[in-house]
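Enquirer: Each residue of the sequence shown is one higher than the last, beginning at 1 in this note's numbering.
Hints are computed from structural coordinates only; laboratory data are not their basis. Hints should not be assumed to be uniformly reliable.
[As the list claims (entries may be wrong)] Derived pair list, reagent style DSS-like, types lysine-lysine, alpha-carbon separation capped at 30 Å:
(1) LYS399 / LYS105
(2) LYS71 / LYS316
(3) LYS105 / LYS271
(4) LYS16 / LYS403
(5) LYS71 / LYS105
(6) LYS370 / LYS6
(7) LYS16 / LYS370
(8) LYS45 / LYS105
(9) LYS45 / LYS271
(10) LYS271 / LYS159
(11) LYS16 / LYS71
(12) LYS6 / LYS16
(13) LYS370 / LYS316
(14) LYS45 / LYS403
(15) LYS399 / LYS6
(16) LYS45 / LYS316
(17) LYS16 / LYS45
(18) LYS399 / LYS370
(19) LYS271 / LYS16
(20) LYS403 / LYS6
(21) LYS316 / LYS16
[What the hints assert, rightly or not] Pair ranges (Cβ atoms, derived):
(22) GLN80 / VAL265: 38 to 44 Å
(23) PHE408 / ILE190: 56 to 62 Å
(24) THR297 / VAL184: 57 to 63 Å
(25) PHE9 / ASP318: 31 to 37 Å
(26) ILE190 / ARG256: 37 to 43 Å
(27) ASP111 / ALA292: 28 to 34 Å
We put the CB at the ideal spot given by N, CA and C, even for glycine.
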Amino acid sequence: LLNDRKKIFAISALQKALEENRTLSLQELEDLFNAFGELVHIPEKELLTFIRNMSMCGVIHQNEVQQLLHKLTQILEDEQLSPSMVSAAIGADLIMRENGRIATKRAVIHDIVQKIVAPLSAERMRVAPTSERPAVDYCTVKFLGELYDILYDIRNVLKPDDRLIVTVLRDVNRIFLNPDYAEVLVSDDITQFPQLQFVEAYAQELQQTLAMLLRNTVALQKTGKFASVNQLTTALQQRFLIPLMQLLNIFNTMGRGVAVPEQEVAPIMQKLQDNGIVCENEITDVMNAIEASLTDTEAFSAAVVTRAMSPQLAVKEDGGIGSNRAIIRQIYSLDLMDSEGFDEERTATGARPKFIYNYASLRLMAELYKCLFQMSGSLREMDRAAVTVLNSIGQLFIKPDLKDTLNFNGTAELVPSHATQYELFNFRRIVEQLQRDPQVSV
């Protein structure tokens, strides 16, 4: 195994660090991975097992297994596959978790959804739907309210009668769907509803607009909006909160027929993004879903947008709503990996390129060698020895709490949080065996 000066030098530096009871620097780790990593090749027949190990270790999402298998199989057609080549193949899609570990964006998002968004979304429907009380959730109603709030800002492009309706529904959102009421609205227990509190300016505007609508009796009778207007008027006068099912009925009844000019669709989506309800990278998907759901006779409306967005919505902790992606982005600031960590430096001789490392790429290599170590029984003798060494190095010296130290190419004292006495003893034994007999099985 120690068949050239590069490997001997790297192992000597490792031995010295152990004697000094310190961690390895970024440069020393880079030398070790470059020296021993070039020996390791992933057998084609074990490639699927290796990728599944990556999924079980949380590096990739299980739904990415087949896609990565296809990508790496194409590489295998031209040359043997090494861990550094796997790292380069998936590096652009990787992010660093808050705990200092590495995973694909999809894996991280899935974990966050399971831990945070899914429990919040489960709270949307505590009461089992019945024939008397159909299923309705806070997210759908609140999203409708947010849309009418946005439509209010562009009301001048709407028909005069539609402007009145949009003004009413905008104020309904701000008064009856105030995020402070999210919990009691979700519970759907009217006995727990508090007395309605509101900003007086919104209430006055709503009362004035409702009065104007009541004078337009023909329009109200045509569209069946009279009952909704009366219900809102009574609720304001008596200061009581309206249950979700009735609020949804008000939005559907009052909003029916309010069409939005096609040229205003893009500004509306931009406003949803500005308000933190959707992310920039999902606007295209939402637009495609809207277009796919439209019938030949259907115009663009708040109901159409809600139909497309509803499956993606969840409740925020403050009672607001947003898409899963938007909520995740607000909860976590996901640091993208420095892409240079996954570049390869081409040599003038055309030799195998040298891999360029930083903490992020080193952490990924540690994860990959851990996955290989779990299947080391199917590797060649030489590969198994190198994998054992590099896996141990990854577990001991590429800890999340050493992130800043490594990025500054520094070292630190080896303390119990980095390695237990048993781990150090076992690792010293492996290094000594390598130095005594390069052919020994470790």
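Enquirer: Would you list, in rising numerical order, the hints stated earlier that this structure does not obey?
Expert: Going through the list in order, the structure violates hints 2, 9, 11, 13, 14, 16, 17, 19, 21, 22, 24, 25, 26 and respects the others.
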